[in-house]
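K.L.:
Chain by chain, the residues run as shown.
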Amino acid sequence: MTLLSLKALRVVLPVGGSDRQVLRGVDLDIAEGESVGLVGESGSSKSMTARAISRMLPPGARVDGRIEFDGCDVLGLGRKELRTYRAHDVATVFQDPRAALNPVRTIGDFLCEGLRLTMGMPTAMARRRAVDLLAEVGIDDGERRLRQYPHQLSGGLLQRVVIAAALAGEPRLLLADEPTTALDVSTQAEIVAILDRLRRTRGLALLFISHDLDLAASICDRTAVMYAGEIVELQASTELHRAPRHPYTIGLLGARPDIEQALPRLRAIPGQPLAAFEAPPGCAFADRCAHCVAACRADHPRLEQLSTALVRCHRAEALQTHSPGLAKGKVS
Amino acid sequence: MTAMVLPGVRPTHKAGRASAFGLAGRLSAAVVIIFTVVALIGPWVAPHDPQAVDLKASFWGPDAGHLLGYDAAGRDLLSRLLAGARTSFLGPLVIVGFATLLGSSIAVAAAWYGRWLDSAVVAVLDVALAFPGLLLAVLTVAIVGPGLPAATLALGVAYVPHMARLVRSAALREVGRDYVDALRVQGLPAVRIAVRHVLPNIWPIVIGQAALTLAWATVDLAALSYLGLGVQPPQPDWGVMVAAGQSGVLQGYPAESVVAGVCLVVAAGAFNLLGQRLLRRCEGARAR
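The listed protein sequences correspond, in order, to chains U and Z.
Going left to right, the first sequence walks through residues 1 to 332 as my numbering numbers them.
Going left to right, the second sequence walks through residues 1 to 288 as my numbering numbers them.
Keep in mind that a hint or two might mislead.
Just some of the chain Z residues that point at chain U, by a computed CB distance under 10 Å [unchecked claim]:
1. Y179
2. D181
3. R192
4. V195
5. R277
Covered by chain Z, according to a simulated footprint, are these stretches of chain U (three or more residues, beta-carbon under 8 Å) [claimed, not checked]:
6. 33-42
7. 98-104
8. 210-218
9. 304-317
Everything labelled a hint here was simulated from the structure, so no lab data went into it.
Virtual Cβ for every residue (Gly too), placed ideally from N, Cα, C.
Generate the whole structure from the sequences, applying the supplied hints.
P.N.:
See below:
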């Protein structure tokens with residue numbers, strides 16, 4: 001059953017007097033218990049998608065389209081309903097755990113405040129629950145941790161605390177906005193493992209935002225690739241790696257360094273990534289695409305079904321049939 | 001990651017603390033404490049009745065029972081000084097308390113809701129700041145009538161813009177931090193986040209600015225009393241004493257004006273130094 005549904009979601013932000021489009025019509029469904037990856041370069045508005053879902057867009061943002069959570073219109077929620085929605089339905093894990101915690105309050109304050117206020121627990125019960133939540137994310141000495149301040153904990157531990165806090169409201173959807181980007185690689189693996197385990201044991205739906213295709217594939221059922229404020233390709237993670245359809249995805253997969261191959265230089269996608277507001281009327285990727293034809297610049301491609309994938313490319317079908325060697329850059 | 005900003009966390013290093021605060025800072029803190037104690041218990045420890053008139057002793061020099069001598073009306077100067085500390089020193093505290101409470105509430109609300117509320121607050125503050133506080137107070141007292149309550153309220157309102165402007169910029173920086181977003185997505189009410197999380201992080205700046213404002217308030221309240229708009233004679237007050245002592249200055253007996261003036265200068269100077277040190281310390285904590 002569909003838990004979250006984004007329909008033609010558009011977001012415009014006012015930037016210094018002028019309006020800038022950051023989301024240009026995003027359609028995405030997340031089923032209950034499903035994990036979906038949202039992958040793209042910086043500036044492709046991945047985080048804006050997450051912020052739109054939790055209604056945390058900057059003041060002045062104009063939102064168009066529909067966000068439905070469990071059949072309910074999120075954009076139409078009133079003040080009080082919005083707080084309930086944030087407290088119990090959707091939880092967010094932020095990129096930098098050090099910034100996500102108030103430096104002058106203890107871990108215990110941070111965890112218990114939400115439990116007391118949104119779950120209505122008495123203090124002693126909230127503390128016990130907080131210890132349980134910490135145990136669930138792999139922190140065993142919870143009692144001691146509750147008394148500590150954020151600066152006394154390592155980044156990996158803090159991110160676990162943030163995840164524990166996210167679980168406090170028993171959410172059904174977890175938005176993980178680059179939860180491992182600020183951490184080192186070994187900690188990254190631990191955090192991803194925790195998220196994966198929680199999702200399975202609790203039946204949580206997960207929107208995993210990352211710029212790392214491999215990381216997203218390791219935890220997500222389906223992966224959506226974003227470019228310049230729209231989804232350009234969406235398919236099952238394993239399929240996406242085996243048979244990417246959009247030239248941008250192919251480029252991203254090809255651009256990963258490979259330790260088994262000695263290359264004179266890395267295969268990078270030529271040009272600079274576009275921000276959503278810079279996108280031309282045609283295909284946003286046209287300028288960087290090796291397969292661009294006149295139609296690509298004239299017409300904005302729609303997200304269309306191509307075998308198992310949804311692809312936003314005029315030439316996807318032609319490229320698939322006529323040049324099977326296109327995906328060669330992919331690591332086998 | 002770059003250096004973390006921990007505004008509320010003080011350095012635990014002993015040497016670091018002393019160097020940031022300095023001898024002058026500690027000295028002014030001591031002065032403030034002593035003056036506060038005197039202001040609280042002054043009327044009870046005064047050796048004589050500060051209102052007792054003895055015209056035979058007019059301008060009489062210091063003697064064993066009267067360490068600072070007598071004023072024009074033959075009242076004991078030391079007793080008047082001690083009793084006057086209450087209005088001269090505690091009055092500014094009330095003024096600043098009022099300005100701090102109102103100013104920081106406005107500032108945090110503006111920073112939190114942003115947009116039109118923030119623009120409106122900034123516009124009003126800019127206009128209010130262009131208007132000298134003392135002039136505003138004189139105007140208010142002229143309308144309402146002289147007296148300590150009117151002068152205190154008028155000065156309190158006059159300092160609100162100074163407080164609000166500084167706190168707003170600090171709060172704006174704090175509201176933009178991720179932890180505020182993290183609390184909002186947990187579904188916590190806005191007022192709670194603002195009061196329990198944002199305010200504690202900008203406290204040091206609020207306290208520092210409050211101490212600086214105390215210095216101005218001390219001088220301004222004394223000035224109002226000096227002009228006859230604040231505390232009314234014969235009630236003892238340092239500003240009133242400076243004014244009353246003027247006739248003595250012309251006759252060669254400057255004691256009354258001088259001792260009250262010295263007290264005012266020392267109090268204002270101590271507040272000023274203390275405020276500067278406190279503000280510098282939180283800037284130091286930010287720079288680390």
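K.L.:
All hints are to be evaluated individually against the structure, with a verdict given for each.
P.N.:
Hints, verified against the model:
1. Y179: For Y179(Z), the interface hint holds, since the closest Cβ of chain U sits about 5 Å away, which is under 10 Å.
2. D181: Because about 6 Å separates D181(Z) from the closest Cβ in chain U, which is inside the 10 Å limit, the hint holds.
3. R192: At 7 Å from the nearest chain U Cβ, R192(Z) passes the 10 Å test, so the hint holds.
4. V195: Violated. Min distance 12 Å.
5. R277: violated (21 Å)
6. 33-42: violated (count 0)
7. 98-104: holds (count 7)
8. 210-218: violated (count 0)
9. 304-317: Violated - the region 304-317 of chain U has 0 residues with a Cβ nearer than 8 Å to chain Z, which falls short of three.
Checked against the numbered hints given earlier, the structure breaks hints 4, 5, 6, 8 and 9 and satisfies all the rest.
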